[in-house]
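Chains R and S are the protein sequences, given in the same order.
With the first letter of the first sequence counted as 1, position 183 gets the number 182 in numbering that gives the first Met the number 0; the numbers rise by one all the way through.
With the first letter of the second sequence counted as 1, position 11 gets the number 10 in numbering that gives the first Met the number 0; the numbers rise by one all the way through.
A few of these clues could be false.
To be verified - One side only, chain S facing chain R, incomplete, derived with CB under 8 Å:
1) VAL9
2) ALA16
3) LEU97
4) VAL98
5) PHE102
6) ARG107
7) VAL116
8) PHE120
9) ALA160
10) PRO161
Simulated from the structure, these hints should not be mistaken for lab results.
Even for Gly, the Cβ is constructed at its ideal location relative to N, Cα and C.
Number of protein chains: 2
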Amino acid sequence: MDSRAIAELVLHLGRIASGEGLVEGLTAVQWAVLRYFARANRFSRTPSAFAAFHGTTRGTASQTIKNLETQGYLTRMRSEADRRSVRLVLTDKATAILVNDLFEALVRAADALPSGVRGHFANALQRMLGQVAWERGKPPFGTCASCKHLEGDGCSREGQAPYACGFASEPLLLEELDGVCINFVPGKPMTVKGPVAGAAPR
Amino acid sequence: MDSRAIAELVLHLGRIASGEGLVEGLTAVQWAVLRYFARANRFSRTPSAFAAFHGTTRGTASQTIKNLETQGYLTRMRSEADRRSVRLVLTDKATAILVNDLFEALVRAADALPSGVRGHFANALQRMLGQVAWERGKPPFGTCASCKHLEGDGCSREGQAPYACGFASEPLLLEELDGVCINFVPGKPMTVKGPVAGAAPR
DNA sequence: CTGTTTTAGTATCGATTCGAAACCATCCTC
DNA sequence: GAGGATGGTTTCGAATCGATACTAAAACAG
Numbered sequence: 000m001d002s003r004a005i006a007e008l009v010l011h012l013g014r015i016a017s018g019e020g021l022v023e024g025l026t027a028v029q030w031a032v033l034r035y036f037a038r039a040n041r042f043s044r045t046p047s048a049f050a051a052f053h054g055t056t057r058g059t060a061s062q063t064i065k066n067l068e069t070q071g072y073l074t075r076m077r078s079e080a081d082r083r084s085v086r087l088v089l090t091d092k093a094t095a096i097l098v099n100d101l102f103e104a105l106v107r108a109a110d111a112l113p114s115g116v117r118g119h120f121a122n123a124l125q126r127m128l129g130q131v132a133w134e135r136g137k138p139p140f141g142t143c144a145s146c147k148h149l150e151g152d153g154c155s156r157e158g159q160a161p162y163a164c165g166f167a168s169e170p171l172l173l174e175e176l177d178g179v180c181i182n183f184v185p186g187k188p189m190t191v192k193g194p195v196a197g198a199a200p201r
Numbered sequence: 000m001d002s003r004a005i006a007e008l009v010l011h012l013g014r015i016a017s018g019e020g021l022v023e024g025l026t027a028v029q030w031a032v033l034r035y036f037a038r039a040n041r042f043s044r045t046p047s048a049f050a051a052f053h054g055t056t057r058g059t060a061s062q063t064i065k066n067l068e069t070q071g072y073l074t075r076m077r078s079e080a081d082r083r084s085v086r087l088v089l090t091d092k093a094t095a096i097l098v099n100d101l102f103e104a105l106v107r108a109a110d111a112l113p114s115g116v117r118g119h120f121a122n123a124l125q126r127m128l129g130q131v132a133w134e135r136g137k138p139p140f141g142t143c144a145s146c147k148h149l150e151g152d153g154c155s156r157e158g159q160a161p162y163a164c165g166f167a168s169e170p171l172l173l174e175e176l177d178g179v180c181i182n183f184v185p186g187k188p189m190t191v192k193g194p195v196a197g198a199a200p201r
């Protein structure tokens, strides 16, 4: 199969799907912001992280975030550890529209794939993403499940968290393991115990 | 595997890759126009067809095309059958920059996939694209190889073209079979003889 | 043949986004 | 504490976006 045809398909499908469920008066970029802050873990909910994720500049990201903030979809909190930094949190208004309606056409299309294909398909996408990001010298934005910085054996003993992030030197809650992270480094290939293991309901 | 995660990956990869090889002072949309007119067959090299392909409006497409025309990348020819219509052709300047450099990062990423995976991956992408396009009520833009309108048995006898398009009622040259077409309707699953069969070098 | 509808393409509008650059404020290192 | 790096914002001009209105040619109706 022609690699160029695959590249064309990726661009075409991404383009077509990005302008799909643009309800609520939000643009494609604004939806991307909301989806990102819904999925990003606590180390990654900053304007700079979104800019890196989205492949744009910090300036552009700042504008879009400010716009969404004035519309009441995001609230801003200054970080206490680093007082330059800012943490963005979705408002109830944002989570309300995220749960029931966003790029549903694309989700349905993925859902219509044969179930045996979906896993391989997602792996191929993740691989291509990693390759492209690596060539750019930018972080590939994965989750803890396959991150080199994940530490711990999955056994929680006497109140101790079962996992930790070796990069941030902080314990990780179980429900944090499937959030995307700017510090992601591809490492161990999916050897996580517990209720996550790549198929978490988010 | 979570369908929503796949949808996220598709959008993310498409977004990241679209802003990649933006050399020559061309934007992502302008590259998309050039790539489209390099791949589209003779029934589809019009502003309206590109607008449908790219999921935008005719007005926006008209602007971008006019811009590329003044930069010397496209030449315009009025159609003789329909005198409202316009046919766009790449100039030598455009083909020169297309052959050696365009979204190469994404092509390399697709090339780095295991060879056994590429075929299934492309099929999954095409399926998702078809699903999304079908929900929009828009044409999915495939090639003759799997188009319902393709007629002929692949046997060329005494100067007769071996294939024809039942929609346009015109004979098809062999080298036209792998161009994308706005009149594509998914039909027979890849039963084409000859040097094409889905893996043509373009 | 005339009137209506549809289609291909263009022109114009304001809003949004884009990258680039300049600019603060806050860390961090020496 | 001086210098540099980092997180964020602002401003700028250019490009894109959808929406709308418009012309011209085709297709269709009677």
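A quick look at each hint next to the structure:
no.: 1; hint: VAL9; verdict: 6 Å, holds
no.: 2; hint: ALA16; verdict: 6 Å, holds
no.: 3; hint: LEU97; verdict: 11 Å, violated
no.: 4; hint: VAL98; verdict: 11 Å, violated
no.: 5; hint: PHE102; verdict: 6 Å, holds
no.: 6; hint: ARG107; verdict: 7 Å, holds
no.: 7; hint: VAL116; verdict: 6 Å, holds
no.: 8; hint: PHE120; verdict: 5 Å, holds
no.: 9; hint: ALA160; verdict: 24 Å, violated
no.: 10; hint: PRO161; verdict: 22 Å, violated
Of the numbered hints listed earlier, those contradicted by the structure are 3, 4, 9, 10.
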